[in-house]
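The primary structure of each chain is shown beneath.
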Amino acid sequence: MKFWEIGKRNLREIYRNPVLLGFLLGMPLAFMLVFCSAFGGEQASPIAMSVVDEDHSQTSSAFIQCLGSIEAIELNEPIYSEKSQAREELEDGRISFYLFIPSGFEEATQAQQTVNLELAYKAADPLIGLQVKPIIEAVGAEFLGMAPPLNVELKGTESKIKNETVNFFAPGIAVFGLMILISTAAEIIAGDREKGFLARMFTTPARPSDFILGYSLPFIPVLIVSTLIYLGVGMALGLTVVGNLGHAFLIFFLIGLCSIGIGMIVGSLIKSESQAGVSWIFIVPMAMISGAWFSVEGMPSAVKSVAGALPFIHAIDGSRAVINGSSLSAIMPDLYWLVGWAVVLFVTGIVLFRRTMVS
Amino acid sequence: MNAVQTFKLTKRFNGLVAVNGVDLEIKKGELFSLLGPNGAGKTTTIRMLCCLLKPTKGTASVLGYDVVKTPFAVKKLIGVSPQDTILSERLNCWENLALIGKVHGLSSDEVKGRSKELLETMGLMERSKDQVRKFSGGMKRRLSIAMALVSDPQVLFLDEPTLGLDPQARRAIWEYIAELKGKKTILLTTHYMEEADFLSERIGIIDEGKVVALGTAQELKTNLLEMRSMVVSTENLTAEVIADLRSKYSRLEIVKGRLRISHKDLDFKEIVDYLHSRGVTVYSAALEQPTLEDVFIQITGKRLRD
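Line by line, the protein sequences give chains A and B. Under the numbering used here, the first residue of the first sequence carries the number 1, and numbering increases by one thereafter. Under the numbering used here, the first residue of the second sequence carries the number 1, and numbering increases by one thereafter.
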């Protein structure tokens, strides 16, 4: 159990270093608190929406009233009758977006024809569109008994979800947050290499696997606590876990292991603590194509293939699905990817580490 | 079988030869010093023997185990105190010792027993539960040596064990090392000639990667040296006299206000007479044993601390 001894030493070195420990545990806390306070929770202020009603019909008025009755939305006064007025306000920045109900709305609904609604927002602030779209869709579906053609696919469980935005982004935030373990793990190995501690340990009969396991060990409690923070703070501030919480935890745990594994590889390759910044060359692009913030669907097929091969998108898709109610069997392919990656990363780490033990 | 044996051991770094065909035979239980200036190849030699560096050419073995072919067999038998005192700074003495002891396969009880003994011998018991980052350089060095000893290794490598320490701390460490004589095979590197002289049974003088002389301190001084030295306490010594002496004798230095002259077939009387003739008052004059520094200068043409 040599790895255990090395692990114990690393545990002590990390847990007796208040600055490092504060960073490791404070980061997920700060990350999730800021994010959830901004987007989630019951206290979230309603979104101010302007409406242009060109139809001036009873149906359109009733629809607007229905929208206004939703807690998440606060209707701006007045209701515009001309699109040009609202556009002017939008361009001047007095309103952030508006919903346009064209003339013929009543007729179309009565005839059960396609209803054309338009959500206009500034291209520089696309997030508002993403936030409002599902609300209008839900209201539309309720009011009209059908979904207005805003071309957003709705899945089955959304009705139980309090805050779509939080449920969409929280898994991504957690996975991105766990990617910090890559640079921290790499930094600790590289620091010990730079100080000569590793060279001293290399004169003992410890094997490469003892080192890789010994350096991963102290991050396991960090990983568990971070995941609990992500889920706990998220749930306290608006994340709705419809599915099994344990399954969500498992997925975060596996992606955390993958991050530690990548950290071991980077740590084996770099020579000094200051070079650990190199990790960000991997972390940022990997996060960009992980689906944490934007869907990879619209990306070029080559980028999509790379994203699909990496573990992060599987963690985000898998945890999102589980949180929104999917069963474990539905996300099995994602789980296989994660377990496979974790094994490959640790074996690669051991092989690379062996090469650094003698020069 | 020798405890340490090297045959034409060579290490090159990008064309630079750090160790150049070193042949060493260190007997079991012997305390052997590699003496040489910084950059002579001492640490590189130790690093090859500890399986941290692969030799470019030649072979090395520890208690019969080849350092390249059977590194883990070698690592089980050795204890190493590296040149830079490397400890786990946020661990206390017991924890540092337990780490090395247990990685060597000792049980908790064995580690505890060995640690207690070593902490007492090294005078560290009182502060044994403090994190070592608060320790002085001397205390850290003593703990580092204790860490090299905790697994009860058969062969001990001490790389510059007293580098950068004050004379008092250095003397204390010398005493601990001297106590180990005969019990362990020790290979020590140093660039302090007094250290090699005080501790070693045999000394290898190493310069520019080559062992240039080998023997006991006495052998090195007597066999290799026809040089004699004398020390003179004087007054009224002028720069002119010093320049004159320097032109005649191969080595002249002023040590603690006294004149030290070394030369082959040095004539004691001739020097004293010369000083009198130049009006220099001579309080005392004495012949002195040559030092290892004299040996080093004679062999390499340069000083140890250059």
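Among the clues, some could well be false.
What the hints assert, rightly or not - Straight-line Cα separation of at most 20 Å, EDC-like style, residue types lysine to aspartate or glutamate; simulated pairs:
hint, chain 1, residue 1, chain 2, residue 2
1, A, K8, B, D66
2, B, K256, B, E219
3, B, K76, B, E110
4, B, K256, B, E270
5, B, K264, B, E208
6, A, K271, B, E25
7, B, K134, A, E137
8, B, K264, B, E235
9, A, K195, B, E288
10, A, K8, B, D166
11, A, K8, B, D244
12, A, K195, B, E175
13, A, K8, B, E293
14, B, K140, A, E106
15, B, K181, B, D166
16, B, K27, B, D244
17, B, K129, A, E194
18, A, K195, B, E89
19, B, K140, A, E89
20, A, K8, B, D109
21, B, K256, B, E126
22, B, K27, B, E219
23, B, K184, B, E25
Calculated directly from the structure, the hints in this document are not laboratory data. As the structure is a prediction and not an experimental result, all values here were calculated from the model.
Which numbered hints does this structure break? 1, 2, 4, 5, 6, 7, 8, 9, 10, 11, 12, 13, 14, 15, 16, 17, 19 and 21
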